[in-house]
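Undergrad: Single-letter residue listing:
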Amino acid sequence: MATPSENLPILAMPRWQAWMPWLLAGLGLAILYVPTFIGLAQTIWSTDEQGHGPIVLALSVWLIYRRWPEIYDVSAARPRVVVGWFVLLVGALLYALGRSQDILLFEVGSAIWMVSGIMLVLRGTRQLKAIWFALFFMFFMIPLPSAVVDALTQPMKLAVSYVAESVLYKLGFPIARSGVVLNIGQYQLLVADACAGLHTLFTLEALGLLYLNVVRYSSAFRNIALAILIVPISFTANVIRVMTLTLVTFYLGDEAGQGFLHGFAGMVLFLSALALIVGTDGMLRLYSARRQRRAA
Amino acid sequence: MSSAVPALRAASTSRSLVQSVLLLVLCAATAILGSLLRPKVEIGPLGGDRLQDVVPVSFGDWKVDSTIAPVLPDPGVLRAINAIYSETLARTYVNSKGQRVMLSLAYGRRQDDSMRLHQPEGCYAGQGFAVRRIGEGRLDTPTGGISVMRLFAAQGPRQEPITYWMVVGGHHVISQWQGKLAQLRFGLRGFIPDGLLVRVSSISGDSDEAFALQQRFVKDMLENVPSSVGRVLTGS
Chain A
1 MATPSENLPI LAMPRWQAWM PWLLAGLGLA ILYVPTFIGL AQTIWSTDEQ GHGPIVLALS
61 VWLIYRRWPE IYDVSAARPR VVVGWFVLLV GALLYALGRS QDILLFEVGS AIWMVSGIML
121 VLRGTRQLKA IWFALFFMFF MIPLPSAVVD ALTQPMKLAV SYVAESVLYK LGFPIARSGV
181 VLNIGQYQLL VADACAGLHT LFTLEALGLL YLNVVRYSSA FRNIALAILI VPISFTANVI
241 RVMTLTLVTF YLGDEAGQGF LHGFAGMVLF LSALALIVGT DGMLRLYSAR RQRRAA
Chain B
297 MSSAVPALRA ASTSRSLVQS VLLLVLCAAT AILGSLLRPK VEIGPLGGDR LQDVVPVSFG
357 DWKVDSTIAP VLPDPGVLRA INAIYSETLA RTYVNSKGQR VMLSLAYGRR QDDSMRLHQP
417 EGCYAGQGFA VRRIGEGRLD TPTGGISVMR LFAAQGPRQE PITYWMVVGG HHVISQWQGK
477 LAQLRFGLRG FIPDGLLVRV SSISGDSDEA FALQQRFVKD MLENVPSSVG RVLTGS
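Protein sequences, first through last, are from chains A and B. The numbers in this note's numbering rise by one with no breaks, and the one at position 136 of the first sequence is 136. This note's numbering runs 296 ahead of the 1-based position in the second sequence.
Just so you know, the hints here were simulated from the structure itself, not pulled from any lab data. All clues stand as given, with none of them false.
To be clear about the criterion: a stretch of chain B counts as covered by chain A if any three or more of its residues have a C-beta under 8 angstroms from a C-beta of chain A, and this derived list gives those stretches:
{"#": "1", "stretch": "310 to 316"}
{"#": "2", "stretch": "320 to 327"}
{"#": "3", "stretch": "330 to 339"}
{"#": "4", "stretch": "424 to 432"}
Quick caveat: nothing in here was measured; it's all calculated off a predicted structure. Idealized CB from N, CA, C, for every residue including glycine.
Isolated chain A (complex conformation) (with noise of 0.2 angstroms):
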């Protein structure tokens, strides 16, 4: 039985008024994004590139719910007003602006702002450091603006071409390269958008980060180290997949190299990247061992 302090409450206020105030919140939210993820679903949402779009919203609204006991508890409130609207006008301006004029990185990158703010204005800055990883991790659904995709993907797939057919090279295959076309034995092959990987990075980055603040290591060096390295795990595991296709090319023929086996590349893509994650973290691991047996 609870003492009668904390009985007092809940005569003083019905439980509809607590959580009133989070509903119509939400139902403002829903006001403004249900459509915007509409529109998401059906563009872009559905294509390779950005399909992790709805699986990192889905992570977020779950990293929130996950702390929800120490948010809801509306005795640590201490509402900053003044500021969480401030957030909170920035955060509907840029919705404004992105949804009329077709910026989704303002449309959808508002929501983070308004989250924010909406926690600010109800519970205060103690509730928002709580659901901080969230608020970061949403950085992740947004789609990344066309201008960034073309300037950053054309010189991925080069160096992503290039190291795949010197490796190959001098290994002693019948390998040239011209731009991002790689010409094997009698067979050409062009390297194509989605081989340049920068999708492919942000997802793993954003599931790396996420494996992190799970697993909750205590060294901070392991942290930081481990989040820095999945750009070059990306980077070798796309160059892992180009040289895989060129090969089946080579031994298989065309129909093999584009059929089938161009879905199962794909899949040697995540496994080698997930190995290299494992192996990198291992290395670490061993690594910040020494170095704290050293110290003792």
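With chain A's structure known, arrange chain B on it following the hints.
TA: The following block gives chain B in isolation, referenced to the frame of chain A:
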């Protein structure tokens, strides 16, 4: 103490309630503002004209080279082109000295996020060319001159210097960033601009000579079309 705590909680809850009603109002107002600001009117200087009628098949010393059957891009590329543009035109012109210049126009009726001009850098590199950006240049026109972007694309033995510019809603632009700004300027006033990409190229290893030839071609073309068409092609 024990009676002050619930009073405090009740007060902060009712304050939260007021705040959340205001929040809902803000969200609804933002949603309405977002749809009111959405541009609805399409504007385009090309109007109903078709690209093939805009540029004559022969002008000055130039005429369409009918001996060259146009090479169609592969189906994948063609699908991408049709998704991006409302209309495209590709022609090879030849002059009395036998010099050939390829003219490519790509027109998109709506320049918004779903459909926008793609720069030749991407198109050529995407098809396996090694593309080098030579930089910005000036091109003489009958109305004074325009700035253009110059590229050098190579794939095996094929070397192709390229001159291009874009026109978004009648405004001359040479970068995607400038195009986006022009689109935004129109968009905030309720208009959806159109977009035209003009690309001129020739097969040559000597880029200086090729760019001079392309300059001559563009100048001849603009001198032989009505000034209204010239404005459509170069923007202002």
